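Colleague: Each chain is listed here by its residues.
Number of protein chains: 2
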Amino acid sequence: MKETSDQSQPAGPDAVSFAPRNSIEQVEEQAELAPKFDADGLITCVTTDADSGEVLMLGYMNKEALEKTIVTGEAYYWSRSRQVLWHKGATSGLVQRVVEMRIDDDQDAVWLRVKVAGSGASCHVGYLSCFYRQVPLGAGRVNGEALVFVEQHKTFDPADVYGDAPNPTKL
Amino acid sequence: MKETSDQSQPAGPDAVSFAPRNSIEQVEEQAELAPKFDADGLITCVTTDADSGEVLMLGYMNKEALEKTIVTGEAYYWSRSRQVLWHKGATSGLVQRVVEMRIDDDQDAVWLRVKVAGSGASCHVGYLSCFYRQVPLGAGRVNGEALVFVEQHKTFDPADVYGDAPNPTKL
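Those sequence lines, one after another, are chains A and B. Residues in the first sequence are numbered from 7 upward in steps of one, following our numbering. Residues in the second sequence are numbered from 7 upward in steps of one, following our numbering.
Quick caveat, the hints were computed from the structure, so don't treat them as lab data. Among the hints, erroneous ones may be present.
Note: identical chains are not told apart, hence a pair may lie in one copy or across any two.
Unchecked claim - Here are the computed lysine to aspartate or glutamate pairs in the EDC-like style, where the Cα-Cα straight-line distance is at most 20 Å:
1. Lys42 with Glu151
2. Lys176 with Asp46
3. Lys160 with Glu35
4. Lys176 with Glu157
5. Lys176 with Glu38
6. Lys121 with Glu60
7. Lys69 with Asp114
8. Lys176 with Asp114
9. Lys121 with Asp44
10. Lys176 with Glu35
11. Lys121 with Glu35
12. Lys69 with Glu151
13. Lys42 with Glu31
Given the structure is predicted, the values throughout are model-derived calculations rather than measurements.
Based on the provided sequences and hints, a complete structural model is requested.
Modeller: Right under this line is the structure:
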């Protein structure tokens, strides 16, 4: 794919236009895509299963990841722990096909509704969703803060899929 | 509510225990709540409608907001634009009752499934969801990046609800 940041190239199907952010009214009320990247050049992305509505993961995109997701219809992220562009599923085969992308009011977050290939898992620990544990609330805190596993079984063994690649979780 | 950070107080229903983060195995595989707050002291929060599964908003919590949400079962956030603890709905009446809270693999993000009081809206612009616009993808980019409104009508007029309070959206 050619570099979309090269303004000398004519706009084509691989070029994505991001509008400059001129006013709050433009950003909130109009139809221009004018994303806000933070100080690290990232926008937050929440990804849900298009069928179940389950939140699968929360990730980040830089400009290139957002462009590639828009052009290809498959989810790309920026891996903060590995500091690389990350085509989700490139290693595991668990590619996320994007059914719908939405952007929020101030355009600093996107929501992907996806269908996941293969076993349908999106979590590097082996679960379908990264959110596989419940935090008890209010009167439900009978065992203090002890988390409750809502997924009972992993769908894959991370050692089989990722081998000895470093775990992205940081303390 | 008493200050939960005061370690001289005995643990009670208002005290929330966060475990120290000792190992990746502990954080990912065990039942201890050991949240990771970022350099600004914040954890990311995605909030969905407990019935429809719609993503309503993406927000942030500091330690106090997370504690208050766990103890009260109502959503508290940290407002980054206003730099204050924010009991969602305190101004608008659109309180979010939390049906379920989950935490992700590396414990740096939480997911709230909520029922919203009143009109059910969660977006300061007046829509039910902050994600009221779709970004076209792949072959659907017939009008370039022009966003498509998926909510046709606002549920309330922000001027009626918030008066002349500053708009939280920043350019």
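Colleague: Now, for every hint given, state plainly whether the structure supports it.
Modeller: Comparing the hints with the structure gives:
1. Proximity of Lys42 to Glu151 under the C-alpha cut-off of 20 Å is restricted to the inter-copy arrangement: shortest distance 15 Å between copies versus 36 Å within a copy.
2. Taking the shortest alpha-carbon separations for Lys176 and Asp46, both the intra-copy value of 18 Å and the inter-copy value of 17 Å come in at or below 20 Å.
3. When the C-alpha separation of Lys160 and Glu35 is checked against a cutoff of 20 Å, the pair qualifies only between copies, where the shortest distance is 11 Å, while the shortest distance within a copy is 43 Å.
4. In this assembly of identical chains, the alpha carbons of Lys176 and Glu157 never lie at most 20 Å apart, being 22 Å within a copy and 39 Å across copies at closest.
5. Only between protomers do Lys176 and Glu38 lie at most 20 Å apart by alpha-carbon distance; the minimum there is 16 Å, versus 37 Å within a single protomer.
6. In this assembly of identical chains, Lys121 and Glu60 lie within 20 Å of each other by CA distance both inside one copy and across copies; the values are 11 Å within and 16 Å between.
7. When the C-alpha separation of Lys69 and Asp114 is checked against a cutoff of 20 Å, the pair qualifies only within one copy, where the shortest distance is 12 Å, while the shortest distance between copies is 23 Å.
8. Within a single copy, Lys176 and Asp114 get their C-alpha atoms only as close as 24 Å, which misses the 20 Å cut-off; across copies the closest is 10 Å, which meets it.
9. Taking the closest pair of Cα atoms, Lys121 and Asp44 never come within 20 Å of each other, the shortest separation being 28 Å inside a single copy and 30 Å across copies.
10. In this assembly of identical chains, the alpha carbons of Lys176 and Glu35 lie at most 20 Å apart only when taken from different copies (14 Å versus 38 Å within one copy).
11. For the identical chains of this complex, Lys121 and Glu35 are neighbours neither inside a copy (29 Å) nor across copies (26 Å), given an alpha-carbon limit of 20 Å.
12. Within a single copy, Lys69 and Glu151 get their C-alpha atoms only as close as 38 Å, which misses the 20 Å cut-off; across copies the closest is 14 Å, which meets it.
13. Taking the shortest alpha-carbon separations for Lys42 and Glu31, only the intra-copy value of 15 Å comes in at or below 20 Å, while the best inter-copy value is 35 Å.
In this structure, the hints that do not hold are numbers 4, 9 and 11, in rising order.
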